[in-house]
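Student: Given chain A, work out where chain B should sit, using these hints.
Residue numbers (this note's numbering), protein chains in the order written: chain A, 28 to 459; chain B, 22 to 201.
Heads up, some of the hints might be wrong.
To be verified - Pairwise CB distance ranges (calculated):
hint, chain 1, residue 1, chain 2, residue 2, range
1, B, Pro110, A, Gly249, 28 to 36 Å
2, A, Arg199, B, Gly164, 54 to 62 Å
3, A, Val149, B, Ala188, 57 to 65 Å
Claimed, not checked - Reference excerpt, derived from the structure (chain B facing chain A, CB under 8 Å, subset only):
hint, residue
4, Gly151
5, Ser174
6, Arg179
By construction, these hints were calculated from the structure, which means they are not laboratory data.
Where a beta carbon is used, it is the ideal one built from N, C-alpha and C, also for glycine.
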Amino acid sequence: MKRLLTALITAALVLSAASAAAQLTIEISQGADNPTAIAVVPFAWQGVGAAPEEIASIVDRDLARSGQFAPIALADMLGNPTTESEVFYRDWRSLSTEYLLIGQVSAETGLLRVDYELFDVVRQTKVLASSESGPVRDARMLAHRVADAVYEKLTGVPGAFATKLLYISVDRVPGANDHSRLTMSDSDGARPAVLLDTHEPLLTPTWSPDGKNIAYVSFETGRPAIYRQEIATGRRQQLTNFPGLNSSPAWSPDGKTMAMVLSKDGNADIYLMDLATKKLTQLTRHYAIDTEPAWMPDGQSLLFTSDRGGKPQIYRYDLSSGNTNRVTYEGTYNARARVSQDGRSVVMVHQTAGRFHIAVLDLVTNRMQILTSTELDESPSIAPNGSMVLYATKDKSRSILAAVAVDGEAKFMLPASKGDVREPAWSPYLSR
Amino acid sequence: MKHLTIASKAIALLFSAALLVACSGSDTKEQDEAAAAAAAAAAASASAAQAAQAAQGAAVSAEMAAIEEAAASAGTVFYFEYDSANLTPEALDALNANIALLQRNNTNIRLEGHTDERGTREYNLALGEGRANSVRDYMVASGISGSRIETISFGEERPIAYGTGEANWSENRRVELKSQ
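Extracted from the complex, chain A is given alone in its bound form (with noise of 0.2 Å):
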């Protein structure tokens, strides 16, 4: 009995943390130029009862919001077809369609399948025929693998829509302290989960390589700690506890060792910390700022943030010489580096003519690139496909997230349901 009283107080707390959750919400406010034309054609539901999500539109709604498609609305459909047999090919091209998904939804103990088939309208050929299956409650995500794979075979770029993303939304409290929740939910900003709730300062929410541990840093106990927390489980270990600084946790790709910055030798360094022996090694001894930490792809260098030259900019270590260069010099502030999965573009809050945007380095051409029109930019993160750009900024007076395409193209913006929404981290891909 006392078990059951556990297990429902506890169902409760989940439920109500829920229902706390701030749900993002997007709103796309520019295309790319020249979109592809697709028509996503409603799924046939093959199921007992009503379907638990509308597959096809939720693939619709990913492909839209990637600004490199324009998909055709419903309601100017000449047909539904949902099997080859039932695409007549010139009602499509009577609406200037280049390409048409159609699929089946169907449902047997437990398990959903969705079989679905791309056909070039132009070149009346079928491009794409192939299924994904899962548990019911995994519905959203095999959508988001079906539109991974659409945008894969016509744009040649692995999509990165079954991905999750961190964000910390914040309710002001009036005459007390901000109430803070780290959030979890879908790259489309649907099933919103909170993963910790607090009174205290929460900041730097981050994903380890394999999309299975996140860290952050957190003021709980009344001063700033690294935490690492087990996703599935909940599990947390606090990884530091130093005087002064304990902040800005970045994975390194194989996962077994996380950058960090301490002050407990003077000012902010950046250390590494071994996290199977919690053995530490200071990286930079500078009476400077250096701090936020962002690892290369191939793990050999990390770019970080300092002012040693007088005003943030950023620099590139060396792990195996242990040389430090300077990377940017562009702009009176540059900082927060992130870097693409490729190793080759930088994106970073970049300050110029005293606003704060966002703005990408690319490492090859040396070219700096300003994405956002907005101000006050700031927290990029990149997409494990390296397509679009999460970030922070000021809408009116509220924060709200925003996306940008690296190319600067399409941009869409997502506020929170209710109060402010900070700090984006995109997961890697995730494994099934």
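Tutor: Below, chain B alone, put in the same frame as chain A:
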């Protein structure tokens, strides 16, 4: 140069405070003079000696009251320029008034560093720590024991003013002194 002037004023103030503390002891010239004056007064009148002692006590507590009043009017929040951990002349004035008080009590204090919302959050955590450290270092150089001082940075996470613009930002770039 202005910093120097203020610092030397502070040192003068501290010196006179130290002198007052010393007066309540028994081995200084001033104390001897006061004792001699009291003895001379006693020779004339016992009640006059009591009056002299009362006057001395009143002078000490008046001085303390003045220090307390100066500290109270200076406040316990020290403000900074954008992206800087250097103490401004105004911050030094307020700081000196507080140091004069700290010289006369044994209070342990906590220095909380804060920044405005501009720039990145992690950089601001480090900047807030730099500000708290600037205040601590100046206090230690002024003779306050480092063991009485704890520092912490909240970066931009605990603003006083939530809006944007310099009027709000300048309120948030601060170190708050809190008694433990």
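Student: B/Pro110 and A/Gly249, beta-carbon distance inside 28 to 36 Å?
Tutor: holds (33 Å)
Student: With chain A as the partner, please determine if B/Gly151 meets the hint condition of a C-beta pair closer than 8 Å.
Tutor: Holds. Min distance 7 Å.
Student: May I ask you to test the hint 57 to 65 Å on the CB atoms belonging to A/Val149 and B/Ala188?
Tutor: Since A/Val149 and B/Ala188 have Cβ atoms about 59 Å apart, the given range 57 to 65 Å holds.
Student: Can we keep the B/Ser174 interface hint, with Cβ of chain A closer than 8 Å?
Tutor: Constraint on B/Ser174 satisfied, holds at 7 Å.
Student: Does the Cβ pair A/Arg199, B/Gly164 satisfy 54 to 62 Å?
Tutor: Roughly 41 Å apart at Cβ, these two residues miss the hinted range, so it is violated.
Student: Using Cβ atoms only, decide whether B/Arg179 comes closer than 8 Å to chain A, and label the hint accordingly.
Tutor: Where the cut-off is 8 Å and the nearest Cβ of chain A is about 7 Å from B/Arg179, the hint holds.
Hint 2 from the earlier list is the only one contradicted by this structure; the remaining hints agree with it.
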